[in-house]
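Peer 1: Turn these sequences into a full structure, and let the hints steer you where they fit.
Residue numbers (our numbering), protein chains in the order written: chain A, 1 to 272; chain B, 1 to 426; chain C, 1 to 336.
Don't read these hints as lab results, they were simulated from the structure.
None of the values given here were measured: they were computed from a predicted structure.
Take the hints with a grain of salt, since some may be wrong.
To be verified - Quick list of in silico lysine to any residue cross-link-like pairs, SDA-like style, CA-CA up to 25 Å: (1) 251/B to 36/A; (2) 35/A to 84/C; (3) 69/B to 40/B; (4) 409/B to 102/C; (5) 83/C to 409/B; (6) 336/B to 130/B; (7) 336/B to 285/B; (8) 251/B to 169/C; (9) 176/B to 161/B; (10) 336/B to 63/B; (11) 103/C to 425/B; (12) 83/C to 131/A; (13) 103/C to 407/B; (14) 83/C to 130/A.
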Amino acid sequence: MSRRPGFLVYGLLAAFVLGSAAPLYWSFLLGSQTKEVAAQGVPPLLPGGHFMANAQRAMDSIPFWKALGNSLLVSTVTACSVVFFCTLAGYAFAKLRFRGRGPLLVFVVATMAVPTQLGVVPLFILMAELGWAGTTFSVMLPWLVTAFGVFFMRQYLVDAVPDELIEAARMDGCSQIRVFLTVAVPAARPAAAILWLFTFMQVWTDFFWPLIALPPDNPTIQVALNQLQSGYFKDFSLVLAGTTLATIPLLILFVLAGRQLVSGIMQGAVKG
Amino acid sequence: MQTPKTRRVRLALSAMTALTLATTLAACSGGDDDGSAADGVTTISVATFNEFGYEGLIEEWNDSHDDIKIEQVKVGTWDDAKANLFTKLAAGSGLSDIEAIEGDAMPAIMAESGAFADLTDPELEGRWLDWKAEAGTNAEGQMIGYGTDVGPEGICYRADLFEQAGLPSDRDEVAKLMGTWDDYFATGDTFVEAMPGTAWYDSSTSLSQAMLNQVEFPFETDNETVDVENPELEAVYKTVTDNVDRGLSSKIAQWGDDWTAQFQNDGFATIPCPGWLMGIIEGNSEGVDGWDIANVFPGGGGNWGGSFLTVPTQGEHQEEAKEVAAWLTAPEQQAKAFAAVGAFPSQVEAQDSPEVNEAVNEFFNDAPIGTITADRAAAITVQPFKGPKYSDILTAFQAAIMRVDDGSKDPEASWEQFLADVEALG
Amino acid sequence: MTTHLHTRGGDIDEMSPLRPGHGPRAVRPEPPQWRQRLSRADHRYSPYLYVAPFFVLFLVIGMFPLGYTAWVSVHDWSLLGGKGDFVGLENYREVLDSPYFTKQLVNTISIFLISSVPQILIALVLAGLLDNQLRGRTLWRMSILLPFVVSPVAVAIIFGSLFGDRYGLVNQALNVVGIDNIAWHTNRLASHVAIASMVNWRWTGYNALIFLAAMQAVPRELYESAAIDGAGRLRQFVSITVPMIRPTMIFVIITSTIGGLQIFAEPRLFDDTTARNGGSDRQFGTITMLVYDFGWQLRDLGRASATAWLLFLVICVFAVVNLVLVRRIGSLGGER
Chain A
1 MSRRPGFLVY GLLAAFVLGS AAPLYWSFLL GSQTKEVAAQ GVPPLLPGGH
51 FMANAQRAMD SIPFWKALGN SLLVSTVTAC SVVFFCTLAG YAFAKLRFRG
101 RGPLLVFVVA TMAVPTQLGV VPLFILMAEL GWAGTTFSVM LPWLVTAFGV
151 FFMRQYLVDA VPDELIEAAR MDGCSQIRVF LTVAVPAARP AAAILWLFTF
201 MQVWTDFFWP LIALPPDNPT IQVALNQLQS GYFKDFSLVL AGTTLATIPL
251 LILFVLAGRQ LVSGIMQGAV KG
Chain B
1 MQTPKTRRVR LALSAMTALT LATTLAACSG GDDDGSAADG VTTISVATFN
51 EFGYEGLIEE WNDSHDDIKI EQVKVGTWDD AKANLFTKLA AGSGLSDIEA
101 IEGDAMPAIM AESGAFADLT DPELEGRWLD WKAEAGTNAE GQMIGYGTDV
151 GPEGICYRAD LFEQAGLPSD RDEVAKLMGT WDDYFATGDT FVEAMPGTAW
201 YDSSTSLSQA MLNQVEFPFE TDNETVDVEN PELEAVYKTV TDNVDRGLSS
251 KIAQWGDDWT AQFQNDGFAT IPCPGWLMGI IEGNSEGVDG WDIANVFPGG
301 GGNWGGSFLT VPTQGEHQEE AKEVAAWLTA PEQQAKAFAA VGAFPSQVEA
351 QDSPEVNEAV NEFFNDAPIG TITADRAAAI TVQPFKGPKY SDILTAFQAA
401 IMRVDDGSKD PEASWEQFLA DVEALG
Chain C
1 MTTHLHTRGG DIDEMSPLRP GHGPRAVRPE PPQWRQRLSR ADHRYSPYLY
51 VAPFFVLFLV IGMFPLGYTA WVSVHDWSLL GGKGDFVGLE NYREVLDSPY
101 FTKQLVNTIS IFLISSVPQI LIALVLAGLL DNQLRGRTLW RMSILLPFVV
151 SPVAVAIIFG SLFGDRYGLV NQALNVVGID NIAWHTNRLA SHVAIASMVN
201 WRWTGYNALI FLAAMQAVPR ELYESAAIDG AGRLRQFVSI TVPMIRPTMI
251 FVIITSTIGG LQIFAEPRLF DDTTARNGGS DRQFGTITML VYDFGWQLRD
301 LGRASATAWL LFLVICVFAV VNLVLVRRIG SLGGER
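Peer 2: Put into structure tokens, the structure is as follows:
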């Protein structure tokens, strides 16, 4: 809209951004106080100088590095797996004609409504049977492919790759796989990057399944945070320093790839 | 021939692979899960909840042993530890080599005896108090758990607040005010009248725990049938819920954020106090002076909590684990744990040791906690019977107390709901 | 584009003989009859090869659990003891009879509504604000997305400390303006508001961006002609923007339904009681927490599975109701 925004618009936006940042600041604020000050409820407005000390204590009371490594591993592997399998399938649904395409796609879309909780009991039994319970692999397994991923890639590729292009390549005697690799894959890259980011974040923040699947000495970062918070004797400065610390990796990702994330959300929206 | 685009894709793919590989390595180098490294060192993991006071002991062991190393896995509350324990029992893997079990749940663990190694060892006979050893032994006479601590209760109180309320604050004087539950509550009435902003006790759930620990058959009859509609339990329930209107309770859920915060805010004046709680009080009360402990417990003695170490049979190093568990629960070690966090030893010899007997706690106004706790242990006359469902029913019972406390249900409705909850346990 | 296509085509042609399974170079000059057949087979069957890996994995980790949960739900199935007798719909009856099921279902829906409705309204307004020619556009967009990268567990811990019943910052702030303490952990409605605020904090910016994208696709002429007709900006927003982005709203509402009805981490970590069932009287226990309670606290996988299936049915019902409702509202707006 070609309107010049006024002071009011900036003011409202700034207020909202402030509200978005405030809880994070609060977390850092309490995390930087001594135990005593943090326990009294309302701390001073400026951070104290104890963040590093508190963070150190938090790392000592949970297997922080191991949890971080697990979270990184699980999120990266699943994100790559989702991108790979879903780009393949999404391309087929978008551009290739084959019998059963319509019904299969409807099936995929319908299963997007299936809550993950529904699968938890059998997945748990399955993991126990296979002896995988407690391993990081058991946390990855439910996320290796997602219906959303296929749907997302399909929506993107429908428009991103013109049919004429594929037709032309095929006229030239190109096999399917070559068309896929040389035409579809390059075109899919922006969407693949976004899907990768999304999956990474989704798996990183997941809590229910890792809580059940993993033992306390081999947690993901979310499960470790839960351990930090639960206790008979609670130290707010430590808990919030740990929480801040655990948020930093995604904040870094956000700073590096926030622009892509924004455009990804907006692109996905128009297609969806 | 490659197009620049495919090359770029390949580059991206290899970058992703490299990242994955790097994180895999990072995660793997984080520590060995299976406990046996290539150099012949066995690592025994010990899963504890709350504070067992083992940090120093583990360091001591690791400094003097090269073949077996101990690694501690700490979880916050017993409820979280319990959920994890049963989940991993079902999975058949994922438990630590040694799992600490809260005393109340030992009967439920006994019901799964096959999942836990028989730790019977003639050499250890007589190490523990009889009732403690019994609680760790199953019907077949196998010892499943080595006792760590017991929880004889005294009353911890804020001497400074007592003074402000015009009550005597000396620990012997205070003891005289609390011989029976009625005395204890009557003193509470006086207190809250003078100090309306401060509750008499920390939480109704901890008070109900204290009273429950003096009931012989709280939830189950001795042939293990559930019987929660017994007059003794109903009496405890009635006393605790009647107190709600008297202003004695803080009306705060025990162990929650507000419960922690009220240590800093003069939220309450007294708390039923087993040894293991003293460390928690001290940890939550940083900067608060005035804590003391009275050598008394209303209505006689009472034991709250105290745990066991067990060795799950799913572990790969049961022999080593047994050795470590035996060492950790030896009198000398438990005496040190007592010094560290106040967990009173369940070992006869440790209770008689000078380290325990002569212990003085600076934070509790230099109280001779060794002799006080020993007196409290001697005052215990009733060991409540605990069947396999005890722990689960207790959780439901405490929820019932809390519902009345926080005003979400009246006592009758909350009791009905408790009965339904017990029914649902199956 | 065409030139690009040409080079690409040439490239591929040159490469094709090297394709695996395509025979030696010598074959090339001959009229490629079997090659044609191969090519046809390639085009007919290879799509299945593309979707097969996905479906194989998906059947194992997506569909198998669905069916297996149904199987478990009609048996006595204890966490430790494993499968017991076939009991038909007994587990479902027990779950439906349990007062907690109804209560936690109502809680779930209540938290969902308290979070979704304001969230979508605020997101709409926010998108409206962003749909201006702002300075530092990207920076604004990124800033409102900031909470999205904070995990629900972290959100719950941070907000949990803000919403302490007695000593939390929110209540202390309320005290300053003369409002008494609100029992965030024990008052049913208050606890729902507290939990909804966590959800809103994390998702509003995200949804605003989705709305923004849709708004930017609205043809500008519509606004211009409306402006000529004398419609103010608010009027334009209500009668042009909102109806035009209807499909996007359906999308947002359905995804937030699926996510919202499964809420678990926030209420569980918000809970101060040790049992963590959502308050002493399950004031804020949700259906997913009931699944956890049945399965891993009461150690009864049969009832847990039955509850999970019931949750699925509820989500389906909600998705359909949403669809109908939004269609209806949207078409009303469109007629104006």
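Peer 1: Each hint: holds or not?
Peer 2: Outcome of the hint check:
Proposed proximity of residue 251/B and residue 36/A is supported: the alpha carbons are some 23 Å apart, at most 25 Å. Pair hint residue 35/A plus residue 84/C does not hold up; C-alpha atoms about 50 Å apart against a cutoff of 25 Å. A threshold of 25 Å between alpha carbons decides the hint, and for residue 69/B with residue 40/B the separation of about 11 Å falls inside it, so the pair holds. The straight-line distance between the Cα atoms of residue 409/B and residue 102/C is roughly 17 Å, inside the 25 Å bound, and the hint therefore holds.
Taking the CA atoms of residue 83/C and residue 409/B, the gap is about 37 Å. The hint is violated against a cut of 25 Å. A hinted pair counts as satisfied when its Cα atoms are at most 25 Å apart, and residue 336/B with residue 130/B qualifies at roughly 22 Å. Taken as a hint, the residue 336/B and residue 285/B pair is honoured in the structure, with Cα atoms around 23 Å apart against an allowance of 25 Å. Distance check on the hinted pair: residue 251/B and residue 169/C sit about 19 Å apart at the alpha-carbon level, within 25 Å; holds.
Restraint check: the Cα-Cα separation between residue 176/B and residue 161/B comes to about 17 Å, which is no more than 25 Å; the hinted pair holds. For the given pair, residue 336/B sits about 16 Å from residue 63/B by alpha-carbon distance, which is consistent with the 25 Å threshold. Taken as a hint, the residue 103/C and residue 425/B pair is honoured in the structure, with Cα atoms around 18 Å apart against an allowance of 25 Å. For a cut-off of 25 Å, the pair hint linking residue 83/C to residue 131/A stands: about 18 Å separates their Cα positions.
With a C-alpha separation of about 17 Å, the suggested pair residue 103/C and residue 407/B falls inside the 25 Å cut-off, and the hint holds. With a C-alpha separation of about 17 Å, the suggested pair residue 83/C and residue 130/A falls inside the 25 Å cut-off, and the hint holds.
The structure fails to meet hints 2, 5 from the earlier list, while all remaining hints are met.
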